[in-house]
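Number of protein chains: 2
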Amino acid sequence: MEFKLDTRLWSTKARNLNPYVPGEQPKHDNLCKLNTNENPFPPSPKVAEAIAEVLSNQADQLRLYPAPESDDLKQALAEAYKLEVNQVFVGNGSDEVLALVFASFFLKERPLLSPDISYSFYPVYADTFGIELVKIPLTEDFSIETNDYRQPCSGIIIANPNAPTGILLSLEAIDKLATEHPNAVVVIDEAYIDFADQPEASAISLIDKHDNLLVTQTFSKSRSLAGLRVGMAFGNPSLIEALTRMKNSFNSYPLDRLAQAGGLASVKDEAYFEETCRKVIELRQQLTSDLSDLGFSVLPSQANFVFARPEQGNAGEIAQTLREQGVIVRYFNQPRVSEYLRITVGTAEQNQRLIEALKQRVSA
Amino acid sequence: MEFKLDTRLWSTKARNLNPYVPGEQPKHDNLCKLNTNENPFPPSPKVAEAIAEVLSNQADQLRLYPAPESDDLKQALAEAYKLEVNQVFVGNGSDEVLALVFASFFLKERPLLSPDISYSFYPVYADTFGIELVKIPLTEDFSIETNDYRQPCSGIIIANPNAPTGILLSLEAIDKLATEHPNAVVVIDEAYIDFADQPEASAISLIDKHDNLLVTQTFSKSRSLAGLRVGMAFGNPSLIEALTRMKNSFNSYPLDRLAQAGGLASVKDEAYFEETCRKVIELRQQLTSDLSDLGFSVLPSQANFVFARPEQGNAGEIAQTLREQGVIVRYFNQPRVSEYLRITVGTAEQNQRLIEALKQRVSA
Numbered sequence: 001m002e003f004k005l006d007t008r009l010w011s012t013k014a015r016n017l018n019p020y021v022p023g024e025q026p027k028h029d030n031l032c033k034l035n036t037n038e039n040p041f042p043p044s045p046k047v048a049e050a051i052a053e054v055l056s057n058q059a060d061q062l063r064l065y066p067a068p069e070s071d072d073l074k075q076a077l078a079e080a081y082k083l084e085v086n087q088v089f090v091g092n093g094s095d096e097v098l099a100l101v102f103a104s105f106f107l108k109e110r111p112l113l114s115p116d117i118s119y120s121f122y123p124v125y126a127d128t129f130g131i132e133l134v135k136i137p138l139t140e141d142f143s144i145e146t147n148d149y150r151q152p153c154s155g156i157i158i159a160n161p162n163a164p165t166g167i168l169l170s171l172e173a174i175d176k177l178a179t180e181h182p183n184a185v186v187v188i189d190e191a192y193i194d195f196a197d198q199p200e201a202s203a204i205s206l207i208d209k210h211d212n213l214l215v216t217q218t219f220s221k222s223r224s225l226a227g228l229r230v231g232m233a234f235g236n237p238s239l240i241e242a243l244t245r246m247k248n249s250f251n252s253y254p255l256d257r258l259a260q261a262g263g264l265a266s267v268k269d270e271a272y273f274e275e276t277c278r279k280v281i282e283l284r285q286q287l288t289s290d291l292s293d294l295g296f297s298v299l300p301s302q303a304n305f306v307f308a309r310p311e312q313g314n315a316g317e318i319a320q321t322l323r324e325q326g327v328i329v330r331y332f333n334q335p336r337v338s339e340y341l342r343i344t345v346g347t348a349e350q351n352q353r354l355i356e357a358l359k360q361r362v363s364a
Numbered sequence: 001m002e003f004k005l006d007t008r009l010w011s012t013k014a015r016n017l018n019p020y021v022p023g024e025q026p027k028h029d030n031l032c033k034l035n036t037n038e039n040p041f042p043p044s045p046k047v048a049e050a051i052a053e054v055l056s057n058q059a060d061q062l063r064l065y066p067a068p069e070s071d072d073l074k075q076a077l078a079e080a081y082k083l084e085v086n087q088v089f090v091g092n093g094s095d096e097v098l099a100l101v102f103a104s105f106f107l108k109e110r111p112l113l114s115p116d117i118s119y120s121f122y123p124v125y126a127d128t129f130g131i132e133l134v135k136i137p138l139t140e141d142f143s144i145e146t147n148d149y150r151q152p153c154s155g156i157i158i159a160n161p162n163a164p165t166g167i168l169l170s171l172e173a174i175d176k177l178a179t180e181h182p183n184a185v186v187v188i189d190e191a192y193i194d195f196a197d198q199p200e201a202s203a204i205s206l207i208d209k210h211d212n213l214l215v216t217q218t219f220s221k222s223r224s225l226a227g228l229r230v231g232m233a234f235g236n237p238s239l240i241e242a243l244t245r246m247k248n249s250f251n252s253y254p255l256d257r258l259a260q261a262g263g264l265a266s267v268k269d270e271a272y273f274e275e276t277c278r279k280v281i282e283l284r285q286q287l288t289s290d291l292s293d294l295g296f297s298v299l300p301s302q303a304n305f306v307f308a309r310p311e312q313g314n315a316g317e318i319a320q321t322l323r324e325q326g327v328i329v330r331y332f333n334q335p336r337v338s339e340y341l342r343i344t345v346g347t348a349e350q351n352q353r354l355i356e357a358l359k360q361r362v363s364a
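Line order of the protein sequences matches chains A and B.
All residue numbers for the first sequence refer to UniProt numbering, where the first residue is 1 and numbers rise by one.
All residue numbers for the second sequence refer to UniProt numbering, where the first residue is 1 and numbers rise by one.
In isolation and in its complexed conformation, chain A is listed as follows:
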């Protein structure tokens, strides 16, 4: 049914939204889907087992509301990351967690600071909540210069590794940012941190030192559970309490019983998690090397994707050609990055299919 859009009854806020546009989720099979940074490996088999157990032994449970604060899942995360349970928050994917973060900490008179090239949902949240976002340009080589953040602000949000560049900021730099902005909340969005070469890259180790530091993570990437919607935040109990109150003013039960059970099983299977991350890191190294051999300039990625600029040819056209061959990558037609393709690290077979498609193009 076609309809004529009528915004007469909408709030001004609704009229002024600039919604996030997720990477497409095509329904066709046999596509080589390297566009939304999903993990090429399935989740731990323990996840399906735990969910099946809820369904079989306790099917009756689905009729009951879930634990509103996801207590068992938070407890497991606290143990895994050697934290107290009141330093842990969970939500319906890290996107929901980030929305609550914006409302809880950045809705102030001073602006929020974020790199000019970063996760494209940040400006959307800023618009949604009426927050002034000041974009701090990355340096020429797409890295973050912490001195550029020396200005009054309500907070700073940085994706680390950054998206779509994949470049990692050091713990020393994060420590410096948190120290230099004691009255601002510094949020490190670590969606991709588990793919870093060094295992100690996470800023979680700094939250006991800085009461203004909040770290967000997700089950969607390194835990292969984008389909289950679980995200989390780690920080000082007073920051966690703000998020909890904000959650309970929007939606009390954001995680269903199956997501809580599946998430818990994933956290407990540490060996599978570490093995998967190691394999993705190896595949990234191989993909980087293969793309370089084809003349691409590849930024030094610590994530499960690479950001690569072709030696010649238009990146948008290359993305289109790849699509015609059934290989989907992400292209951002935006200043500074329009010469690049963001390519998710796939399985060895998927990466090979991409490389073959690119070779065909070169030889054509």
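Quick caveat, the hints were computed from the structure, so don't treat them as lab data.
The model shown is predicted, which means the values in this text are computed figures rather than measured ones.
Quick reminder that beta carbons are idealized off the backbone N, C-alpha and C, glycines included.
Incorrect hints may appear among the rest.
To be verified - Listed below are the simulated DSBU-like cross-link pairs for lysine-lysine, each with C-alpha atoms no more than 35 Å apart in a straight line: (1) A:Lys-176 x B:Lys-268; (2) B:Lys-108 x B:Lys-82; (3) A:Lys-209 x A:Lys-279; (4) A:Lys-46 x B:Lys-33; (5) A:Lys-4 x B:Lys-176; (6) A:Lys-4 x B:Lys-268; (7) A:Lys-4 x A:Lys-46; (8) A:Lys-4 x B:Lys-4; (9) B:Lys-33 x A:Lys-13; (10) B:Lys-4 x A:Lys-82; (11) B:Lys-33 x B:Lys-108; (12) A:Lys-13 x B:Lys-13; (13) A:Lys-108 x B:Lys-4; (14) B:Lys-4 x A:Lys-268; (15) A:Lys-209 x B:Lys-13; (16) A:Lys-108 x B:Lys-268; (17) B:Lys-209 x A:Lys-46; (18) B:Lys-268 x B:Lys-33; (19) B:Lys-268 x B:Lys-176.
Stated by the list, open to error - Computed footprint of chain A on chain B; a stretch qualifies when at least three of its residues, placed anywhere within it, have a C-beta under 8 Å from a C-beta of chain A: (20) 60 to 69; (21) 274 to 283; (22) 313 to 323; (23) 329 to 341.
Unchecked claim - To be clear about the criterion: a stretch of chain A counts as covered by chain B if any three or more of its residues have a C-beta under 8 Å from a C-beta of chain B, and this derived list gives those stretches: (24) 88 to 102; (25) 105 to 119; (26) 166 to 175; (27) 191 to 203; (28) 212 to 226; (29) 252 to 259; (30) 287 to 298.
Dock chain B against chain A, hints included.
Just chain B now, kept in the frame of chain A:
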């Protein structure tokens, strides 16, 4: 770990929240849990089958993001309710849907109107979004007088059947409200509508007539899926579009893959759904009769709970005595309703256990 709450880094919005307090979810077994209006019967067996199928045949799917707009589930709902798919919205429980409704339609200079006794999350949302909520008193017998709503407003929100009274508003009255307020969005929150005696009680039949009428429903009550978090809204495509944009400015993927598959299976099993509703209605009639025999005044409920006032004794003390016997009901220590208990309709055995506990108390 005890901690001293420090709100220094919170936004003013975070400091001023009055979060919703859900009914408790005790973890002990053998409790007779009649406090949160869950369905006493399990969901359709097709739900567990559909989820098990995602896990077994397609376990790999959990690594992929879900369909952001829950297309298949919306299509099934459209067919079940004889609507176009662009008249349907789904969210992470009707609580999330309602939060988006408040931001999309009520965030205006004129106030929102709602009955003084209704779902206790409404004032929480109003606080969250900074919306002025004017409470219109129910009449002496707890019914809604539509003429009392004749005042300038951004919108009207009414739970129908109302909570915690269980009293149903007629379609004629809803038709009148929508007609008399062409520039306000009239939201009918039908969480409990499927338990009405007449099968045609839903205002969905009026949405083609009124472009300002929005109906919300949930899978948590009549579909026995409180544990899965699925809610929906039905209305004119322009209203649905506002909700979609607002969703995509907060959280693009609120329904995980399992919730989408389970919800779809539930919608398709219409026979099970109707049978369950019929059984709950019969049990409500029996419970009402048994409580009346014990001297309770029971409001005429069309929901899966009853609101009952004891002939003598303090309602709060009775709730406490019941709790000591393992029977949990909900008590609201608030003006006008503090003499009542809200009792969820349980299985025949649960209802009997409640009645026996109340009899013991009388004879003690």
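For each hint, the structure was consulted:
Between Lys-176 of chain A and Lys-268 of chain B, the direct Cα distance comes to roughly 56 Å. Violation of the 35 Å bound is thereby established for this hinted pair. Restraint check for Lys-108 of chain B and Lys-82 of chain B: satisfied, since their Cα atoms lie roughly 32 Å apart, inside the 35 Å limit. Proximity of Lys-209 of chain A to Lys-279 of chain A is assessed by CA-CA distance (about 33 Å); at most 35 Å being required, the pair is judged to hold. Distance check on the hinted pair: Lys-46 of chain A and Lys-33 of chain B sit about 31 Å apart at the alpha-carbon level, within 35 Å; holds.
Straight-line distance between C-alpha atoms of Lys-4 of chain A and Lys-176 of chain B comes to about 25 Å, which keeps the hinted pair within the 35 Å bound. For a cut-off of 35 Å, the pair hint linking Lys-4 of chain A to Lys-268 of chain B stands: about 31 Å separates their Cα positions. Between Lys-4 of chain A and Lys-46 of chain A the alpha-carbon distance is near 48 Å, which puts this suggested pair outside the 35 Å criterion. Note on Lys-4 of chain A and Lys-4 of chain B: the hinted pairing is violated, with a Cα-Cα distance of about 54 Å set against a maximum of 35 Å.
For the hint linking Lys-33 of chain B to Lys-13 of chain A, the alpha-carbon distance of about 41 Å lies beyond 35 Å, and the restraint is violated. For a cut-off of 35 Å, the pair hint linking Lys-4 of chain B to Lys-82 of chain A stands: about 21 Å separates their Cα positions. Under the criterion of a C-alpha separation no larger than 35 Å, the hint pairing Lys-33 of chain B with Lys-108 of chain B is inconsistent with the structure, at around 40 Å. Under the criterion of a C-alpha separation no larger than 35 Å, the hint pairing Lys-13 of chain A with Lys-13 of chain B is consistent with the structure, at around 16 Å.
Distance hint between Lys-108 of chain A and Lys-4 of chain B is fulfilled; the C-alpha atoms sit about 23 Å from each other, no more than 35 Å. For the given pair, Lys-4 of chain B sits about 31 Å from Lys-268 of chain A by alpha-carbon distance, which is consistent with the 35 Å threshold. In summary, the hint linking Lys-209 of chain A to Lys-13 of chain B is supported, as the alpha carbons are separated by about 26 Å, within the 35 Å threshold. Only pairs whose Cα atoms come within 35 Å are accepted, and Lys-108 of chain A paired with Lys-268 of chain B is rejected, the gap being roughly 47 Å.
With a CA separation close to 50 Å, the supplied pair Lys-209 of chain B and Lys-46 of chain A exceeds the 35 Å bound. A hinted pair counts as satisfied when its Cα atoms are at most 35 Å apart, and Lys-268 of chain B with Lys-33 of chain B qualifies at roughly 29 Å. Annotation: proposed proximity of Lys-268 of chain B to Lys-176 of chain B holds, straight-line Cα distance about 33 Å (limit 35 Å). Evaluation of the coverage hint for the segment 60 to 69 of chain B: fulfilled, as 9 residues show C-beta separations to chain A shorter than 8 Å, against a requirement of three.
Figure legend: the segment 274 to 283 of chain B, annotated as covered by chain A; annotation inconsistent (0 residues with Cβ-Cβ distances under 8 Å, at least 3 required). Under the rule that three or more residues need a Cβ within less than 8 Å of chain A, the assignment of the segment 313 to 323 of chain B is violated, with 0 such residues. Coverage of the segment 329 to 341 of chain B by chain A is violated [criterion: at least 3 residues with CB-CB distance below 8 Å; count 0]. With 5 residues carrying a beta carbon less than 8 Å from a beta carbon of chain B, the segment 88 to 102 of chain A meets the three-residue requirement, and the given coverage holds.
By the rule of at least three residues with a Cβ nearer than 8 Å to a Cβ of chain B, the coverage given for the segment 105 to 119 of chain A holds, with 4 such residues. Figure legend: the segment 166 to 175 of chain A, annotated as covered by chain B; annotation inconsistent (0 residues with Cβ-Cβ distances under 8 Å, at least 3 required). Residue count for the segment 191 to 203 of chain A with a Cβ under 8 Å from a Cβ of chain B: 0. That is fewer than the three needed, and the coverage hint is violated. A count of 5 residues in the segment 212 to 226 of chain A with a Cβ less than 8 Å from any Cβ of chain B is obtained; the coverage claim is therefore met, three being the minimum.
Judged by the Cβ-Cβ criterion of 8 Å, the segment 252 to 259 of chain A is covered by chain B as claimed, because 8 of its residues qualify and three suffice. Closer than 8 Å: that is the beta-carbon criterion, and the segment 287 to 298 of chain A has 0 residues meeting it against chain B, so the requirement of 3 is violated.
Hints 1, 7, 8, 9, 11, 16, 17, 21, 22, 23, 26, 27 and 30 from the list above are not met by this structure, while the remaining hints are.
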